[in-house]
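Chain A is fixed; fit chain B onto it per the hints.
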Amino acid sequence: MAMHLLSEHFRNDHGFLKIDARVKIVFALMLLAMVLSYKGFFFPFFVLLCAIACCLHIKIPLRAFLLRFAEPLFIVAVLLVIKLFFTGSEVLFSFNLGSIQVAGYADGLKEGLLIACRILGAVSILTLLGFSTPFTELIAALAWLRFPKGFIEVLMFAYRYIFMLFEDAMVIYNSQKNRLGYASVKQGLSSFGTLAGSLTLKAFENSQSTALAMTQRGYDGNMPMLKHKPFNLPEVVISAFLICIMGALWRI
Amino acid sequence: MHISEGILPLNWALVWSLIAIPFVAWGLYELKKLSAEDPAFKPLVGLITAVVFIISCMPIPVPTAGTCSHPCGTGIAGILVGPAISILIAAAALLIQALFLAHGGLSTWGADIVSMGVMGSFAGFLTFKALRTIRVNIAVSAFMAGLFADWATYLTTSVELASGLKGDSEFMPLFWKIAIAFVPTQLPLGILEGAMTAGMVTLLYRKRPDLLVKMRVLKPEEVGI
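Chains as they are written, first to last, in this note's numbering: chain A, 1 to 252; chain B, 253 to 477.
With the rest of the complex left out, here is chain A (with noise of 0.2 Å):
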């Protein structure tokens, strides 16, 4: 399931959580900048790799690390089957399906494999960045990059929930499992609209008596937030000066 797959179940004693999470979503952000408008195949496979080896550094499961690229790989394939027969003037390939001639395009194939490298380089980043940053430290950041309190807000409870709230969709999923509730399609689709049900139920529950709970221990409506540290200036300037070597490298 999914949820195994969270960030925080990797969180293992590793240099990069003691990097401020702030300089780290500046720096993946201002790398995300540069694999989005680079124009060749070179800076984006040169980050994937860079990420690869970090994540592998940091001991993140190969199968975790794959995993979180299934579903942009799935589009990716779609995306380069419409590049290669719809779009482009050059001819690669042709082939005749019943009486239909189809063509496969290299201007097509080319325009298509380039989406695919921003697609792999911009994910790693993202990947990177969710398996070495706590959740806590990176919704600090985000405050820090002046995201409006009350999203901020939502985003705290919601992380704290999920966690419960699965472990009752496991219970319930496990029960209906063994009874088995998802032996056929339509049984299956009523399991699942219970299960979801269950889950909006025992939401509307919790809230009423999370609400009070927060009022009896002097919450106001308004969460506290982390404080932030002063920046660690060493940090600063290393990220500053591996950014220059990547914006270079971008330019190549």
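Source of the hints: derived by calculation from the structure; they are not laboratory data.
Mixed in with the good hints there might be a few duds.
From the structure, some residues in chain A lie toward chain B, with a derived Cβ separation under 8 Å [said to hold, decoys possible]:
id, residue
1, MET30
2, LEU32
3, SER94
4, ARG118
5, PHE151
6, GLU153
7, LEU199
Ideal Cβ positions, reconstructed from N, Cα and C, are used throughout, including at glycine.
Chain B only, in chain A's frame:
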């Protein structure tokens, strides 16, 4: 259907983010207003965000495509809390998914908010309201709301992909190709999402009709309160 990180070029990523901002701001305004009236509202929004996140992580097999896909969950959120808060819920769930599951992305966050949050929530909310106004059965209304929320999301995603990837070619031919390419997953998935939404609303109607009245989904006379 999330648009993955890196698919959209920078300029289009910015355009969709700018379109998303006023809708998220509207959601935040409504959140502030409603949580001033009821202190339990903010935790409730957080909890529904968690529910939407979990639902959209549940893999559902799509027989025609031979793959697993997942529902959006914004249709049901649109029905329960209205489109403004539902957009905010979608934005929060999408950000957590992007950062910790690599579903969607930071650069495509705006585009995903517009397709899943704005279009999904409005399609779900308006379909449910319209069908209930003409007194269509609650389960059928919820089914249609889930169905149209999913298909609206999918069509908007196709528009976003086509506009971002067209390059020098024309928009409409590429739009149709993308829309047709995703038909094998998205058409059955819409039906699955409709069934799931109907199941959820029916369960709430049977077990806690008072909650549906409190959330202004139904009128008191419709549940006999």
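Consistency of the hints with the structure:
no., hint, verdict
1, MET30, "violated (12 Å)"
2, LEU32, "holds (6 Å)"
3, SER94, "violated (18 Å)"
4, ARG118, "holds (5 Å)"
5, PHE151, "holds (6 Å)"
6, GLU153, "holds (6 Å)"
7, LEU199, "holds (5 Å)"
Violation of the numbered hints given earlier is confined to hints 1, 3; the remaining hints are satisfied by the structure.
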